[in-house]
Amino acid sequence: MSLITIIWSMVAAACLTMGTMHLLVWRKRRRSWSNLLFFLAAAGATGLILCELFMLRARTPEEFGAMLRWFHIPAWVTVLALVGFVRYHMRAGRLWLAWTICILRTLSLLFNFLSGQNVNYVEVTSLRSVPFLGESVSVAEGVPNPWMVFGTMSMWLFVIFIVDATVTAWRRGERGQALTTGVSTLVFVLMGVVQGLIVLLQIATWPVVIGPTFVVLLGAMSYGLSRDVISAAQMADDLLESEERMALASEAAELGFWDWDIARDHVRGYEQWLRLFGFAPGEAISLSVVLQRIHPEDRETVEQEVQLSLKDGRDYAGEYRVVLPDGTERWISARGRLYSEAERPPVRMLGTAMDITKHKQDDMEMSHLRLELVHLARITTMNACSGFMAHEINQPLGAILNNASAARLLLGDGREDVSEILSDIAQDARRADNVLRRIRGMVRKCDVQMEPLQINGLIQETVGLLKPSISSNRARIYMDLKPDLATVNGDRVRLQQVLLNLAMNAMHAMAGMPVRTLRISSAMETPDRVIVNVTDSGTGIEEVDTDAVFQPYFTTKKEGLGLGLAICRSIIEEHGGRIWAENHPDGGAVFSFSLNAWRGGPE
Amino acid sequence: MSPRRGVVYIVEDDPSFRKSVERLVRASGFDVVALESASSFLAKRSIRRPACLLLDVRLPDIDGLALQQKLIDEDRNLPIIFMTGHGSIPMSVEAMKKGAVDFLPKPFEAKELRSAILKALERDAKNAKAELQSKRAGSLIDTLTPREKEVLRWVITGKLNKQIADVLGITEKTVKVHRGRVMQKTGVSSVAELVRLADKANILPAS
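Chains as they are written, first to last, in our numbering: chain X, 20 to 622; chain R, 402 to 608.
In short, the hints are calculated from the structure, not lab data. Incorrect hints may appear among the rest.
Pairs of lysine to any residue, SDA-like flavour, derived with a Cα cap of 25 Å [said to hold, decoys possible]:
{"id": "1", "chain 1": "R", "residue 1": "Lys-512", "chain 2": "X", "residue 2": "Pro-546"}
{"id": "2", "chain 1": "R", "residue 1": "Lys-512", "chain 2": "X", "residue 2": "Asp-436"}
{"id": "3", "chain 1": "R", "residue 1": "Lys-471", "chain 2": "X", "residue 2": "Gly-595"}
{"id": "4", "chain 1": "R", "residue 1": "Lys-512", "chain 2": "X", "residue 2": "Ser-541"}
{"id": "5", "chain 1": "R", "residue 1": "Lys-498", "chain 2": "X", "residue 2": "Asp-547"}
{"id": "6", "chain 1": "X", "residue 1": "Lys-379", "chain 2": "X", "residue 2": "Val-228"}
{"id": "7", "chain 1": "R", "residue 1": "Lys-471", "chain 2": "X", "residue 2": "Glu-601"}
{"id": "8", "chain 1": "R", "residue 1": "Lys-420", "chain 2": "X", "residue 2": "Leu-441"}
{"id": "9", "chain 1": "R", "residue 1": "Lys-512", "chain 2": "X", "residue 2": "Leu-441"}
{"id": "10", "chain 1": "R", "residue 1": "Lys-420", "chain 2": "X", "residue 2": "Ile-444"}
{"id": "11", "chain 1": "R", "residue 1": "Lys-498", "chain 2": "X", "residue 2": "Pro-546"}
{"id": "12", "chain 1": "X", "residue 1": "Lys-501", "chain 2": "X", "residue 2": "Arg-456"}
{"id": "13", "chain 1": "R", "residue 1": "Lys-512", "chain 2": "X", "residue 2": "Gly-346"}
Some chain R residues judged to face chain X by a derived CB distance under 7 Å, without partners named [said to hold, decoys possible]:
{"id": "14", "residue": "Asp-415"}
{"id": "15", "residue": "Pro-416"}
{"id": "16", "residue": "Ser-417"}
{"id": "17", "residue": "Val-422"}
{"id": "18", "residue": "Arg-424"}
{"id": "19", "residue": "Leu-425"}
{"id": "20", "residue": "Met-492"}
{"id": "21", "residue": "Ser-493"}
{"id": "22", "residue": "Glu-495"}
{"id": "23", "residue": "Gly-500"}
{"id": "24", "residue": "Phe-504"}
{"id": "25", "residue": "Lys-507"}
{"id": "26", "residue": "Pro-508"}
{"id": "27", "residue": "Ala-511"}
It should be emphasised that the depicted structure is a prediction, and the values quoted were computed from it without experimental measurement. Ideal placement from N, C-alpha and C gives every residue a C-beta, glycine not left out.
Sequences are here, hints too, so could you generate the full structure?
Written out as structure tokens, the structure reads:
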């Protein structure tokens, strides 16, 4: 077989193979037009090369002329596809130039069929045999067709178009792109133009050999495209890695990721999310299936919020309860963001879900504890009020009763009338006392619940309750709690109220001070007494008699009732303890109380 | 009404209540010393016996319970009756455990007060008597020589003269002489009386 036949056929086969590969790529990714255009260019080139082979092998001028005529169909396909390829792949080149080239080329194709034998020759008059690659091949001689000017013009414009596109790409910094696609296309087109000139102007006797150069162009173009494929593969690898990282992060943060395909109404949940909502992997999940998992009381709100988010295109955020098939309830905090393509309605919503059950429970416990404290504060205030009242009235009442009794004793058996008066006085004093006792009995309904307590645990709980007001006052809190303190016997909530009262007073005393430091310390005062100190960096106590601050109705606050410390004292004394106040040598006040250690066993 | 034997010391800061209770106690037939604070009571060095303390729980300087503790610490054994405006149960339990005679919530009845005072004075009289006897017994024992004291400690264990002589390494006769002198000096006529006397004087049997 001849060398020419082998080379031309191999080149044609190579072009077709490369083109087919890109056709397959395009079938998978319909939007990558570059691949389709590459296929078209390659397919055109295959036809072009085959026509060329037949022309080289033509025996008569008629045969040559007819083949040259057919030659222009694949040439047209190739040029148009290349124009498109440059435009799409390099994202450069002027659009008007592209259109002009296409129109001129199409006109050239029209004249190819409408005038003369083909657009190159009105008529091929004779063939000449020329030696080429050790064989003799046919070269045509004939009358040139004037309409060939369209084809030539289209090629020159094509050269300009490519140069322009290459320069643009180069300037944009895409140098590799400019070199591979731009320069190789330019070389190919220039060769076509030069050959056209040579043949047309009959400068030299040269066979038409555009085809083989085409394989170089296709190779260069294919290289550019392959780089895209390689980088896509790299991206896929990166994506996989980032997904793995995300899975790790999601596990660490206990975040569940979800991805809702809105059009198909399919929710894809990642492992952690599936676990949170109690779905099995691979289960088909739609929005309504997810909504079914949401607590009936929260379901409607969630649905409305999702709809609202879809309507306004803004992010979704919400908290709701999820009820798992086994009946367990958990709190979820979810967020979602919409993704849309171009200006179209959103197609996806991506988001996260987090288990916040623990937070919610803590919150609920806190607010429950606060309510309980408020309730008890009211009762202890009443209790303390009636306590002061009882104490204040008991003294004069006791004096009246004592005096009446003493007078009766001194009076002896004489003066029945005076004696009767004295016993009436005593009787009324007793009646007043009974009224007081009844009131106190009523208030005392809320029983004191004494239990063995760890004072340090109590302090820590109280500080937990105080946290919000500490941070809002921008104060610092230090705890110096000695370990292994003796257990005390006391009422948890009442003692907590004392601690809260002392700490809140401290906070008030420090308002407006540059340094706001609250210290709570605990220690053993004696082997059988536990002491707690609440120290502030405030203004200290003005009273000379620091005991006066514990008197009822003593207050330095405008809105204060003056009962806080009196109540503290009444609670501590009820526990058989002692409470006192001092000024700290470095400024500020120290409020301390001490309680007996619990000796064990019920008393 | 003639004053009964015994002094009631009242410590109460509220003047009108103090005056009223002073009157009542006096009218009930007791001698009274009324004071306004714990420290003025502590300043009193001599107390006429029998006596008792009528003490308010809440006092400005040293509160009632602390005063009670102080007296216990100083070994001044005086029966205490507490008075309180609004006493709490733990507080009264604490006071009673430490030997208070009674805990009276204000206002109280004359009868309650009187019986509490009588109980307290009776207790103190008993204490005073025991103290006196112990003091007397002690001074009698003090007249003995060290050897006689040693023999006494063996005698009250109930041992025979022979046994005592063996232990002390002396003759039975010498033991007999010491024993006779002990009986003579202390003025007792039997071993049983000797045992009682030694007990009052806090003399422990030898071992």
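Hint check results:
1. Lys-512(R) to Pro-546(X): Violated, at roughly 41 Å.
2. Lys-512(R) to Asp-436(X): Holds: Lys-512(R) and Asp-436(X) sit about 22 Å apart, inside 25 Å.
3. Lys-471(R) to Gly-595(X): Given pair Lys-471(R), Gly-595(X) holds - Cα atoms ~17 Å apart, limit 25 Å.
4. Lys-512(R) to Ser-541(X): At roughly 46 Å apart (the allowed maximum being 25 Å), Ser-541(X) and Lys-512(R) break the hint.
5. Lys-498(R) to Asp-547(X): With a Cα-Cα distance of about 16 Å, the restraint between Lys-498(R) and Asp-547(X) holds, given a limit of 25 Å.
6. Lys-379(X) to Val-228(X): violated (81 Å)
7. Lys-471(R) to Glu-601(X): holds (23 Å)
8. Lys-420(R) to Leu-441(X): Answer holds: Lys-420(R) to Leu-441(X) is near 18 Å, not above 25 Å.
9. Lys-512(R) to Leu-441(X): Holds, at roughly 15 Å.
10. Lys-420(R) to Ile-444(X): holds (18 Å)
11. Lys-498(R) to Pro-546(X): holds (19 Å)
12. Lys-501(X) to Arg-456(X): violated (41 Å)
13. Lys-512(R) to Gly-346(X): violated (69 Å)
14. Asp-415: Hint on Asp-415(R): holds, closest Cβ of chain X at ~5 Å, below 7 Å.
15. Pro-416: violated (9 Å)
16. Ser-417: Status holds, d = 5 Å.
17. Val-422: Interface hint status for Val-422(R): holds (5 Å vs cutoff 7 Å).
18. Arg-424: holds (4 Å)
19. Leu-425: holds (4 Å)
20. Met-492: With a minimum Cβ separation of about 6 Å from chain X (threshold 7 Å), the hint on Met-492(R) holds.
21. Ser-493: violated (10 Å)
22. Glu-495: At about 6 Å, which falls below the 7 Å cut-off, the nearest Cβ of chain X leaves the hint on Glu-495(R) intact, so it holds.
23. Gly-500: Gly-500(R) check fails; min Cβ-Cβ to chain X is 17 Å, beyond 7 Å.
24. Phe-504: violated (13 Å)
25. Lys-507: With Cβ-Cβ at 4 Å, under 7 Å, it holds.
26. Pro-508: holds (4 Å)
27. Ala-511: Holds. Min distance 4 Å.
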